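Quick note, the sequences are listed as chains B and C, same order. The number in this note's numbering is simply the position in the first sequence, starting from 1, with 1436 added. The number in this note's numbering is simply the position in the second sequence, starting from 1, with 1436 added.
No lab work stands behind these hints: they were computed from the structure. These numbers were taken from a predicted model, which means no experiment stands behind them.
Lysine-lysine pairs mimicking DSS-like chemistry, simulated, CA-CA at most 27 Å apart:
hint: 1; chain 1: B; residue 1: K1509; chain 2: C; residue 2: K1516
hint: 2; chain 1: B; residue 1: K1517; chain 2: C; residue 2: K1505
hint: 3; chain 1: C; residue 1: K1457; chain 2: C; residue 2: K1491
hint: 4; chain 1: C; residue 1: K1532; chain 2: B; residue 2: K1514
Distance windows between CB atoms, simulated:
hint: 5; chain 1: B; residue 1: H1487; chain 2: C; residue 2: N1463; range: 34 to 42 Å
hint: 6; chain 1: B; residue 1: E1533; chain 2: C; residue 2: R1492; range: 51 to 59 Å
hint: 7; chain 1: C; residue 1: I1478; chain 2: B; residue 2: R1492; range: 34 to 42 Å
hint: 8; chain 1: C; residue 1: T1496; chain 2: B; residue 2: N1547; range: 22 to 30 Å
hint: 9; chain 1: B; residue 1: D1469; chain 2: C; residue 2: Q1484; range: 46 to 54 Å
hint: 10; chain 1: B; residue 1: Q1459; chain 2: C; residue 2: N1479; range: 33 to 41 Å
hint: 11; chain 1: C; residue 1: E1533; chain 2: B; residue 2: E1543; range: 22 to 30 Å
hint: 12; chain 1: C; residue 1: K1509; chain 2: B; residue 2: Q1459; range: 15 to 23 Å
hint: 13; chain 1: B; residue 1: S1499; chain 2: C; residue 2: D1539; range: 32 to 40 Å
Beta carbons are placed, not taken as given, at the ideal position from N, Cα and C, and that holds for glycine.
Number of protein chains: 2
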Amino acid sequence: MNDRFEISLLLDYYMELLTEKQQDIMNMYYNDDFSLAEIAEINNTSRQAIHDLIKRCDKTLISYEEKLKLLEKSNIRKTKKNEIVEKLTNEYMLSKELVDDIDEMLEEIINS
Amino acid sequence: MNDRFEISLLLDYYMELLTEKQQDIMNMYYNDDFSLAEIAEINNTSRQAIHDLIKRCDKTLISYEEKLKLLEKSNIRKTKKNEIVEKLTNEYMLSKELVDDIDEMLEEIINS
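Using the sequences provided together with the hints, build the complete structure.
What follows is the structure, given as C-alpha cells:
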C-alpha cells in the first residue's frame, strides 16, 4: 500500500471520481480504519479482492493528482496565504487585529 | 454542441483528463477555431466522427465539473477576493496603494 496519509488527502480531492463501491471501500479503509479482513467480510468477498481494489484505487488517485495537481495547488495556496499574513504583519506593520481579520478571510478563500 | 464558452473554460480545468487525441481535437475546435470539416481533413476521418468525438468530450468535461466543481470553486474564490478588496477599502479604510498590493497577492492565490 502507498503512504496512508497521502492517499487519505488525495481521497478528499478525487473521491467523487471513484465509483460508489470504490468510495465505500476506500472510506472504510482510509477514514474509518477498518481492516482488510473486516471490509472483506462486510462485502462478502476475499481479503485479497479488497486488497487489490484498494491498490487499484490508490493508483487511480495518484494518477489524478499527477494530472490535475489539486493537492499540490492547495498546498501552494496555503503557503502563499502564510506569506501574505507575514508580509502584512512585518512589512506593512498592520495591527494584529486587522491581520487576524484578513487571515480569516484568506482562510475562506483557500478552503473554497 | 454545448455552450462554446463554458466548454472552453472547462477545458482549462480538465484537459489533462482527456486522451492526447481528444486533447488535440478539442484544442483545434475550441481554442484554435478550426471547423469540423478542417479537423476531419487533418485527422483523415469524417466530419461526423469529429462531431461525435467533440460531443462525447463535451459530456465528459461537464461530468467532471459536476463531480469536482473546479470551475465553480474558482468563481467562488474570485468573488471572495473581490469582497475582501472591497472590505479593506470601504470598511477598514486602507490606502489604495496597500489595497492594490494585497489585491495583487490575492490574485496570485486564486490563480495558483
